[in-house]
Amino acid sequence: MSVKAFELVPAVERDLLMGDKARINIECIECCGKHLYVGTNDCFIHHFLLDEVTSSKGKLSYSAQKLLHKYLGLKKPVAELRAASALERLIVLCDGIVFLVDMVTLETVPSAAGGGAKIRSVTAFCINENPVNGDPFCVEMGVLSSKRRTVQIYMVYEDRVQLVKEVTTPEQPCAVSLDGYFLCLALTTQYMILNYNTGTSQDLFPYNSEERRPIVKRISREEFLLAAPGGLGMFANAEGISQRAPVNWSESVIGAAVCFPYVVALDESFITIHSMLDQQLKQTLSFRDGHILQDFEGKVILASIKAVYVSVPLPLERQIQDLLVSHRVEEALILTEGAQRNIPKDKFQILHKRILQQAGFIHFGQLQFLEAKEHFRKGQLDVRELISLYPLLLPASSSFTRCHPPLHEFADLNHLAQGDQEKVLRCKKFLISYLGEVRSTEVANGCREDVDTALLKLYAEQDHDSLLDLLASDNACVLADSVPWLEKYHKYFALGLLYHYHGQDSAALQLWIRVVDGDLQDSTRSDLYEYIVDFLCSSSNLDLVWNYADWALRKDPTTGVHIFTKRPGRKDLPELNPDDVITYLGKDSQALILYLEHLVLERRIQKEKFHTHLAVMYLEKVLSLLSESSPDEVQLTEARGRLQALLRESSLYRVQLLLGKMENCEQLLLERATLHGKLEEHDKALHILVHKLRDFPSAEAFCIWASSCRDSEYRQQLFHLLLGVYLDGSLPANAQAAARGGTGELEMAAVDLLNRHGEVFDAVQVLRMLPEGWSLQLLRPFLGRAVRASMHSCRTSQIALGLAHSENLQLLHDRLKERKKPIFVSKKKGCHLCHNTFSEPAVVCLPGGVPVHTHCVAQRVTDSPTKRQLTNSSNHT
Amino acid sequence: MPDKMKRPDVKLVLLGDMNVGKTSLLHRYMERKFKETVSTVGGAFFLKQWGPYNISIWDTAGREQFHGLGSMYCRGAAAVILTYDVTNWQSLAELEERFLSLTDTANHDCIYAIVGNKADLTDPKAHLSRTSDGQPEDQTECEEERTEPQVLSACPTPPASPASLSGVMLHKQVTHEDAVALYGRILRYKGLDEKSSLPAEKVCFETSAKTGYNVDALFETMFDLVLPSILRKRHENQESPTVDLEDSQGAHSRKARIGCC
Ligand SMILES: Nc1nc2c(ncn2[C@@H]2O[C@H](COP(=O)(O)OP(=O)(O)OP(=O)(O)O)[C@@H](O)[C@H]2O)c(=O)[nH]1
Ligand SMILES: [Mg+2]
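Sequence order for the protein chains is V and F. If you count the first sequence from 1, position 760 lands on 760 in full-length UniProt numbering, and the numbers rise without skipping. If you count the second sequence from 1, position 30 lands on 30 in full-length UniProt numbering, and the numbers rise without skipping.
Watch out, some of these pointers could steer you wrong.
Okay, the calculated bits of chain V under chain F, using three or more residues with CB under 8 Å as the criterion [claimed, not checked]: (1) 224-236; (2) 241-249.
Here are the simulated EDC-like pairs of lysine to aspartate or glutamate, each with C-alpha atoms no more than 20 Å apart in a straight line [to be verified]: (3) Lys75(V) <-> Asp42(V); (4) Lys48(F) <-> Asp278(V); (5) Lys76(V) <-> Asp42(V); (6) Lys429(V) <-> Glu371(V); (7) Lys233(F) <-> Glu239(V); (8) Lys35(F) <-> Asp278(V); (9) Lys48(F) <-> Glu649(V); (10) Lys609(V) <-> Asp588(V); (11) Lys299(V) <-> Glu129(V); (12) Lys692(V) <-> Glu681(V); (13) Lys428(V) <-> Asp469(V); (14) Lys429(V) <-> Glu374(V); (15) Lys48(F) <-> Glu330(V); (16) Lys48(F) <-> Glu220(F); (17) Lys35(F) <-> Asp216(F).
Worth flagging that the hints you see were computed from the coordinates, not collected in a lab. The C-beta atom is built at its ideal place from N, Cα and C for all residues, glycine as well.
Isolated chain F (complex conformation) (with noise of 0.2 Å):
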């Protein structure tokens, strides 16, 4: 937490529609548990430290409400993570109708990855968890600390998926090749040559915040795809120094009453 006050190299964002997962996601990879969520309110950050980088990873809110704040979100972004939830095709859709356009001001190089949540509700395989320090994952673990009312959200968090409950496999609504296909789309849209660009089946996950299934795969290898990225742009730095903009102080000192009474 206190790593909060250094200044990242680099910039991850998470999109996807609202319910999906990404904040489950999130906590996953950064303190290795599934807990309960509320849905997000405007959007909130992570720094994670990878060897001496500083990575921040945006959480955004896929509420429609919450929707203007993208494009800012994106801006500047070296990797955009597209998430939707396998049990749900309109997620998927989504990504393409309301959230591809938000990704106009994220950098020219920005990496794309698509990633299908919840794919333990389909796929049995992803009840095995899969991350990499191999140490046997809490598969059930909520914290179920949050008994008092949550009067902050306007909007209820929505119930969890019914399949959750009931443990039955649900019926896979997006494949694999769906996600494989979008790829292409946005590939297209973004004007790139799929020959030049990484390949999908590099950037399209199925993962499982509840499990952790594919969860660390996911984020390191979005760590590692945006390295030169990071070099680039600390090269950059070295050659033209920018203002350091969390210098808050500077601009006080700077006013404009001078000689104040």
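Chain V extracted, bound-state conformation (with noise of 0.2 Å):
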């Protein structure tokens, strides 16, 4: 496959020039803006002025004009013609000999007075194109002798040529090329270049000129190219070094010249056209009885013997398009990035990110994706031309429309995949994977949600496991066009997340519970129902969860309470006021259970109400389990539990209350002490605990539950209840508690409780409340232990008794002390303690002689009850 890189254009057809005269050739050429000059064998030069025609379809052609031919007089062909426009003459060599010519009338100039304007023996000549003399009326010339091994150059002035220097060769030259000072010539054998300045020289390589016609053209500042041995086309610069790859010409090539990124070279019957940017033959043209190619000013003609043609470049842009639409997507981009520095440089970004976003879907379109990105990266592809290729993707209410000229051939995803449902699933997937790279760059910037809701649709089409994802962050998502999408796909679990994310969690709620009462098929989530509890229980909007709990609990009251009992304590979230929520639970004790539980258990909220009704909520539960006909026994037990917990730990709840409602029930008589104990009817919770339940552990344990935060002294009196309520049980007078048998039994746990927990009691006043008969074994550790701490009191408060003597003598001696001299108070004086001044006479003095306001003492002493008054009082002033 090749490129269509140029055109050729006829510019003189062969009538024009010689009309029906068949012996005439061309000879030479010369172009110089819009004047065309030919020179031919018969020693004629022919002027026309070549106008560029546009035809309305863009097509490029050419009209000649002849203006003058002229007859140079020497019967010979005319070699070569060379414009020096500022000069307005035209350089001709015919018959080995250079002059000059006038570029309008065409007459030879005849020789000024100073100096002759011919050169005679010369087989060729060059101009250099990169002038080291600054004159712009001036021409540098390189000329070849036929009769010495020199080059010689000359300066061409309007009337005159004038020798500057003159440089012999090794060998015979037979091309040259000038650029700067810098010489490329073909010799007979090799290339080389010279330096006709410094006379320093470098040969490049060998060549033999006899053989083959050599070539020496240079392409641009000290670069030169080369016929070389195998049909190459050679780069060579002036320091002879080769920086581009050759060419590979035909051995009889007989003309070169560069249109960038183009050499342009001919040959007997070719034209061939090879990139220097990769060196490939690009383009080949048949041209029959070529005999000129040559470059003036970057336009490229070509004359065959008889008439002239020009190889008009086509436009970058076309050559690049033709090679996308064959899919040559590397020398496409090859081509536009060589051509860089051919297009100004906005020109060339727009240019170079169009072909890039081509060759991207040219990758694409061969599913070859990863190329495809790179190129839709470094191209700054809008995504939303490639979301489009994908039916229903971009929302409706999307402004895109896909960029004209469009960059592909593809209608849509269907269109490239020509029904292979396989290769539309890895386009989408690529797609895909590319939104999910892009949305949070600014390759999305402007078109998110364009790019979301396609994401959105694509997870949902593909089951794909990012769409929750997607929907719980940050997200554009179009809510007018998703909804539909997420209900064919029955994704309801996102579409509510998406409802949410818009503000409409009714919706949202609604759709769920759908789902959960199975009117909806989707199982995003197992835990749906559970979702919305949590979902309700942090929402905001309280009439949502006042309307949506009530479902809830009705699905599941453990659960469902959760709206109430685990609403995060946020400060961005209204409170729930627990009235309203036990009226709203009011039917469902389950709930309302579960509720005041976590108002009193974990918020220990400490109002009567919620303990009374708490109360009164696990009373009614243990009384209806009573009611039973057969309880369940574990129930029960963990009812009764719960009950007599709340009843010993609380005491906000209305003792009363409770007491009544259970005072006729014989099985809730541990509660029914709990609640005496509470009322401080100490003797009717212990008559019960003792007699009734004849429980004594839980007697015991009573008596310290009931004292536990009150002094010993209350605690004293409780155990001597308790013993007094086991004697007088088990005195044989009292005929009730001896038929029950237990007299015995109460003697012992007497027994008990006073070696167990001997140190309550007051000794003395058991041993008055014993009967006599008791063994002095039986109360052995009781007793063992009161005489040990009577004793061990009474030595105790020996030694207060002596460290209190020894301080009062302290302080004694300290105010006779301070008796002596007087204690001054002023009003400029503060008192030690509060730093305040004092007002009045009454002062107390503390140790040392630091008056201080009574008060202040009363409130220091009072603070620390521990410390003993360590001040005395003065009057002094």
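Now that you have both chains on their own, put them together as the hints suggest.
The following block contains the structure:
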């Protein structure tokens, strides 16, 4: 496959040049702006005006108008023509003589007085396109002579030529090119570079100029193109180094020129066009009797023996598009990038981006996604171009229209895949990953809605896990477009999230409830019910909570009540009023209990109402269990356990109320004992425990519990009370108790109590209470401990007494000392304790004679009760 | 490919008789595969990004016809890789007879490597590809995409060595010692002192473009060795900035025909 880089357009046709004269041939051409000069073998110069004509279809053609022709009078072919437009001269080589001709009249310029305007014995000459001399009205020329092995450098002026330098060459030169001081020469057996200023030379490579015509073509600053053995076009710079790989011509190449980025060469029957960028042959044009190929100011002109043509480069963009059409992406990009320096920067960027995008789509069409992505990225593709390939992905609201002319040939994905579902799927997978990558980058700027909506649709369709992540995070999915799509794919949970994201929590809940109730099918979350509860739990919209809690509680009260109990205490969430919740939960005792437990036990709200309510609820539960014909023991134990715990721990509930509720209930004796304890009716409580329940450990525990926050005296009273109850019951006089046959039992309980809790009792009082007949042995542990305790307290108090006494003496001593000197109290001096001034004469003196307010000392003493009073009053002023 | 526009910092040239596998070595290194080649016409070059440096690697044509171009390719080279075929004694002899003189144009501190390619044909250990990236190499990959007749090349591609078809070990015609000896003679030819030059074991390689054996080692060693040369060149450029030869635009703007009609 090849590129169409150039088109051959006729410029001067045979008729115009020579009419029907058969033996006239073109020998040389020169073009300067619109002026075309043709030298012929019959020693004529023809002057044409060449106009570019562009047809309505954009096709270029040339119209040539003959201005003049002139016989030079030498009967020999005109070998070479060069324009020096600043001088208005043509430099002509004919019959071995170089001379000047007026560009307009074609008259030969006569020699000026100062010097000749002719050079003889010339085989070839060249113009320095990179002149070293700054004079604009002077042209530098390199001349090869047939007589000497030299190159001569001339300055050409309007009416004279002047030899400025002559350098000898090792062999006869036969072709020359000049750039700055550098002569590039084809000698008989090799090419060389010669600096005519310094005389240094550099051999390039061998070439037999007699066998094959050499080509020495200056192509850019200090760079030359040379015909090399084997039909190569070699590049060489002034240092003798090749910086580009050679191009491969035919052996019979006649002429060559560079028209960036192409090397155009002519041989007997073809024009070949190679790219300098990749050295590849890009185009071949057939051209019979080719004779001359030269470039003039970037325009490549060719001549056969009879006619002149222009090789018109096709616009770069056309060439690139042609390459892209044939899917030669790499070449297209090389060509584009190679042309960078020939195109204005901003224009290049636009072109380059577009080509990259097109290249991306070509790769995409071939499912080469990696390459595609890279090109899209470099080409800064509007992602919507890609999205729009996938039917229905862009939201209806999107303002996007594909760029024109289109970046690719595909109508849509189906067209691209030709019905191959596997391909479609791979393309979709690619888009998913691509959009996923770009959605948070600047690529998505300005089209986030389109990107996110497309992504949502793809995720939904492909059952992709990331759907939920997308919706749960910041996104720009368009609601109107996404709803039907998510419904279509039964992504109701996701849809709910989207509603939520758009502030439509109610819609979200309705949808989810339908899923939980089985009206809609979506298995995304098996715990959707719990999710809803959580959702309500942290919803800031209280109306919503009230509306949907009902459904949640109906579904499962224990979990449903989490809406109220698990509500996080965050600042941004409005609080629920507990009374409202209790009223709301009213009918549902199970949920209500849970909620009250939450208030009382977890949040420890100290409100009589809640505590009483909970206690009543517990009680009712117990009573209802008891009323059953055969109560479930486990449940009952558990329910009673809760009740008892609450009754014991809380001191806020209304005891009388509860007591009233269980007055007649003989099964709840323990609870009643607790309640009596709460009322400080300890005798009643102990009576129940000892006589009704005969539960001595509980009775003991009761004493400890009931006195737990009281002082030791209180506890002592209670224990004495209990002991009393035991002993009363054990007296034989107490017929009732004896009748029950528990006398011995109660006695033992009394003994155990004394032996275990001896320290609580007042031993003296106990001894008075105990029946005469009890053995000492029985009470040994109790008595032993009692004696030791009383001993201990006696001694402790003696020590305390002694210490107090000595302290008292110390203070007396201080006081006597202070009395000797006055203690000053003034309004200026502050009290050492509160730092306020004194307003009245009555003060207290701290040890050391420091006066302080009386009330300050009083304060200090009450604040630290362990501290004994260290002060003594003083009335001194 | 687009990087071809960059200016190379240093030049490396592959020299050697036709058919020794210069092009194949470069392909293996640059494209990481072994594919069918056509005998190189003229020359070709690749740009390799090596750290911050651009290294141009020239693949030359071994055919006699293009022999004359060799000096030009070698001009200014910082390293020359002289390549022979281990199964072909003549290919080593040619290095000394034909190619050594081409290197006269190379830098005075040019580094020379001597590489015996096609080691896979004689040496079983060269079947284990030794590549730096540690990836298993597809040893037999041959891209047979060129089914159309190759009209371009005047000289037809020589057939692959028969051994590569049969899979039998070939007789090794060139030993490592031969290569080391040649290296010694090259140093003498260059008038270099053996002691102050790089030791032979550092610059004499046996490689296989087919299996990838030693190929990365060869090129990477060379790159490391030319690094000082790059640094010196960069330094020189800072001292005396030279004209940018790539800048062809500048030339067009300075025309002889000023004030053109
Ligand atoms: N078995 C084997 N064959 C190889 C190896 N390297 C190259 N070849 C084969 O040798 C032949 C020549 O390889 P090229 O790389 O074209 O040789 P070249 O040195 O570039 O030849 P010219 O371009 O003509 O100078 C081809 O058929 C390759 O397949 C190798 O390491 N092992
Ligand atoms: Mg090759």
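Status of each hint after checking the structure:
1. 224-236: holds (count 7)
2. 241-249: Our answer is that it holds, as 8 residues pass the Cβ test (under 8 Å) against chain F, meeting three.
3. Lys75(V) <-> Asp42(V): 6 Å, holds
4. Lys48(F) <-> Asp278(V): This hinted pair holds, its Cα atoms lying about 15 Å apart.
5. Lys76(V) <-> Asp42(V): 6 Å, holds
6. Lys429(V) <-> Glu371(V): This hinted pair holds, its Cα atoms lying about 15 Å apart.
7. Lys233(F) <-> Glu239(V): 15 Å, holds
8. Lys35(F) <-> Asp278(V): Holds, at about 19 Å.
9. Lys48(F) <-> Glu649(V): 84 Å, violated
10. Lys609(V) <-> Asp588(V): 18 Å, holds
11. Lys299(V) <-> Glu129(V): Holds - the C-alpha atoms of glutamate 129(V) and lysine 299(V) are around 15 Å apart, at most 20 Å.
12. Lys692(V) <-> Glu681(V): Given that 20 Å is the threshold and the Cα spacing comes to 16 Å, the pair holds.
13. Lys428(V) <-> Asp469(V): Holds, because 19 Å separates the two Cα atoms, which is no more than 20 Å.
14. Lys429(V) <-> Glu374(V): 16 Å, holds
15. Lys48(F) <-> Glu330(V): Within the cut-off at roughly 18 Å; holds.
16. Lys48(F) <-> Glu220(F): 11 Å, holds
17. Lys35(F) <-> Asp216(F): 17 Å, holds
Consistency with the previously given hints fails for number 9 only.
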